[in-house]
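Given these sequences and hints, build the entire structure.
Each chain is listed here by its residues.
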Amino acid sequence: MSTADTPEPQLYAAREPVFPRRVSGAFRNLKWWIMGITLGIYYITPWIRWDRGPNLPDQAVLVDLANRRFFFFMVEIWPHEFYFVAGLLIMAGLGLFLFTSALGRVWCGYACPQTVWTDLYILVERWIEGDRNARVRLWHQKWDARKTRLRLTKWAVWLLIAVATGGAWVFYFTDAPTLLRDLVTFNAHPVAYTTIGVLTATTFLFGGFFREQICIYACPWPRVQAAMMDEETITVAYRDWRGEPRGKLGTEGAGDCIDCKACVNVCPMGIDIRNGQQLACITCALCIDACDDVMAKIGKPRGLVDYIALSDETRERQGLAARNIWKHIFRPRTLLYTTLYSAVGIALVVALFLRQEIDMTVAPVRNPTFVTLSDGSIRNTYDVRLRNMNLDDRRFHLSLTSDALLRIQLEGTDELVVDVPANEMVLQRVYVVAPPGAPAAEAHRTELRLWVEDLQSTDRAYRDTTFNGKGEQ
Amino acid sequence: MSSPNTPKDGQVETTGHVWDEDLEEFNNPLPRWWLWTFYLTIIWGVAYTIAYPAWPLISQATPGLLGYSTRAEVATEITRVETANASIEQRLVDAELTAIATDPELNQFALNAGAAVFRTNCSQCHGAGAAGVQASGYPNLLDDDWLWGGDIEAIHTTVSHGIRNDLDPDARFSEMPAFADVLSEEEIAQTADYVLSLSGQEHDAALAAAGETLFLDNCASCHGDAGEGMRDLGAPNLGDAIWLYGGSREAITSQIVAPRNGVMPPWTQRLTEAEIRAVATYVHGLGGGETLE
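Going down the list, the sequences are from chains A and B.
Sequential numbering of the first sequence, starting at 1, is according to our numbering.
Sequential numbering of the second sequence, starting at 474, is according to our numbering.
Hints were generated in silico from the structure; no laboratory data involved.
Beta carbons: idealized from backbone N, C-alpha and C, even for Gly.
Keep in mind that the hints are not guaranteed to be accurate.
Far from chain A by the CB rule (all over 10 Å, computed), these chain B residues [unchecked claim]:
id	residue
1	GLU550
2	GLU648
3	ASP654
4	ILE715
5	TYR718
Computed footprint of chain A on chain B; a stretch qualifies when at least three of its residues, placed anywhere within it, have a C-beta under 8 Å from a C-beta of chain A [said to hold, decoys possible]:
id	region
6	502 to 512
7	683 to 691
In structure tokens form, the structure reads like this:
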């Protein structure tokens with residue numbers, strides 16, 4: 001190793017501020033739409049009502065942590081059905097694989113909350129302080145009354161958005177109208193205020209000040225995504241074989257790039273796409289809009305900066321035409337992801353519709369495995385949990401079927417019925433008795449099936465279990 | 474972005490380190506606020522050890538300026554739970570013992586609280602599953618055979634005062650005498666075979682026939698003429714399938730010769746009335762609980 005005679009390099013540097021210029025075009029319009037829809041979903045969802053009868057909350061989407069229920073419109077998820085959530089997470093993962101392998105970092109560029117809120121914050125910034133040039137001037141000028149006023153106005157609006165963002169989050173976890181009333185009258189639980197406070201702070205800082213640094217330094221996703229892209233993945237790139245050598249319009253021998261820096265000026269990440277694919281690029285496609293605009297003005301074809309695949313680059317360098325976009329999208333890898341994604345999705349929907357309204361779990365009590373009664377009969381005990389997932393109280397009848405002479409009894413009642421209130425679970429101790437000398441009493445183990453019947457709907461369900469007798473194994 | 478590996482004046486910024494003639498290291502400086510955050514965590518760490526218990530000393534750690542302690546937190550939490558349970562515990566104490574089972578909320582509370590009391594105080598002898606220790610004199614609480622009664626009030630009395638102890642004047646008491654001094658060896662063998670016959674076990678018919686008179690003279694006053702037992706004295710039923718000290722000929726003989734008399738402590742001194750009622754409800758609900766006539 002040798003050390004050149006250069007000054008010791010700085011390992012830390014101040015952030016170079018980014019002042020994205022306003023741009024208009026097809027991708028910018030798409031981004032506006034996605035921003036409107038995603039923010040709309042986020043802010044409005046907790047306020048949608050859904051009638052579930054008198055015993056249950058009427059909030060369409062509710063994560064009821066205290067009562068351990070998750071409500072999503074007509075679906076109610078109990079804790080023992082958490083595999084639905086696991087399934088959704090698997091789908092989310094596969095969906096990201098699919099979109100990333102087909103379209104690169106579209107999640108980062110269009111849908112990631114960091115991108116959406118930063119976009120919103122930049123919109124506010126531009127509205128109050130003006131476009132790029134005005135903001136650069138304002139940045140460099142000394143603090144005076146105008147700068148102070150503009151900065152304070154901007155921060156105030158940012159803060160309002162941040163509070164609304166943090167505020168909307170807590171509404172997902174409890175009845176929204178009640179919580180809003182409690183919040184404004186200062187009667188809400190401290191956890192609600194703390195959560196709003198933390199989310200307000202992160203939204204304000206991440207959207208207003210950290211911005212692209214979150215993607216570059218904090219987020220693991222850019223690193224992971226790179227591993228999921230291949231030469232067929234469509235991503236934002238610069239056609240340097242068409243643009244280079246760059247030069248002012250009319251320069252002899254120059255390519256199509258007139259080095260107007262429009263692509264650099266609109267970039268919210270503060271990078272130059274002409275340097276090629278880079279970790280900091282979130283493929284928001286605003287540079288495409290900016291460049292297309294310039295190309296139209298100078299009468300050159302659009303697409304100097306464009307969505308293209310690496311394999312297209314190779315082809316175009318050889319003078320061939322780019323392949324059809326669908327040929328990039330439909331390939332074994334994306335079809336595999338689509339198949340897996342659909343399979344999990346269909347499995348979840350089928351499971352959702354097939355799930356039983358009656359849910360019974362049977363846990364044999366193994367300490368002791370059996371009890372000898374005074375008349376010599378052998379008794380086994382089972383902890384039976386009955387869940388009533390209906391919206392009204394239900395009455396369940398328990399019975400058993402077995403080849404052996406077994407009798408069923410319930411603790412605390414002479415009947416064989418258990419009342420379970422709506423949306424609740426009841427633990428019932430169930431006894432199964434084999435008379436003295438019966439085969440089940442003398443055997444080591446006897447198979448047995450416990451049945452439950454909903455006396456209202458007459459739905460039946462069963463669980464198989466075993467009966468332990470005195471016999472040795 | 475601060476300063477990525479982008480060409481500046483056609484020159485990529487490197488750290489200046491060169492290996493193997495042409496391997497260079499790009500310099501991608503971190504943002505300076507990152508460094509400040511690092512310093513802040515150091516300051517935070519130092520402040521934390523001053524504010525909270527941290528540095529181990531000889532007898533205990535430095536207490537910290539905020540006076541925080543996990544033990545105090547546990548004490549607070551226990552107080553909070555006790556306060557929260559105070560009203561339902563009062564209801565449990567005020568209720569008729571027989572009425573507890575008919576109040577679902579009270580019953581549920583008593584069963585859960587009773588299970589905890591049982592695990593802490595009773596399981597050492599009666600076992601975690603309440604099955605007792607067979608043939609060793611720790612009764613099984615799951616079956617339908619009760620020495621001193623199996624209704625909720627009898628269980629409550631037994632738990633409160635215990636059995637054959639010197640600590641509580643109201644303890645249940647009885648004592649089976651040792652018949653080694655009263656009966657001859659032959660007579661004891663005859664009695665044992667008669668007792669075997671009561672529960673329909675294999676026995677010597679001749680010995681048993683001789684033992685009947687001996688049983689009526691010596692045992693029936695407590696165990697009953699037919700060996701059905703007597704709950705006022707805690708005298709076990711000798712005709713059923715359940716044996717406190719074992720039902721074999723050897724075990725029965727041993728019990729006649731030198732009886733064991735089980736002891737249970739009174740719990741009024743260790744447990745609150747609410748806890749005793751809770752554990753009585755729990756034991757009553759284990760499968761052998763009897764309905765009060």
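To see whether the hints hold, each was checked on the structure:
The beta carbon of GLU550(B) sits about 17 Å from the closest Cβ of chain A, which is more than 10 Å, so the claim that it is off the interface holds. Even its closest Cβ contact with chain A, about 24 Å, leaves GLU648(B) beyond 10 Å, as expected for a residue assigned away from the interface. Against the 10 Å criterion, ASP654(B) stays outside the reach of chain A, whose nearest CB is about 32 Å from its own CB. Distance check for ILE715(B) against chain A: the nearest CB is about 5 Å away, which does not clear 10 Å, and the non-interface claim fails.
For TYR718(B), the requirement that its beta carbon stay farther than 10 Å from each beta carbon of chain A is met, with the minimum near 15 Å. Given a C-beta distance limit of less than 8 Å, the hint that chain A covers the region 502 to 512 of chain B holds, as 7 residues qualify and 3 suffice. Residue count for the region 683 to 691 of chain B with a Cβ under 8 Å from a Cβ of chain A: 0. That is fewer than the three needed, and the coverage hint is violated.
Hints 4 and 7 from the list above are not met by this structure, while the remaining hints are.
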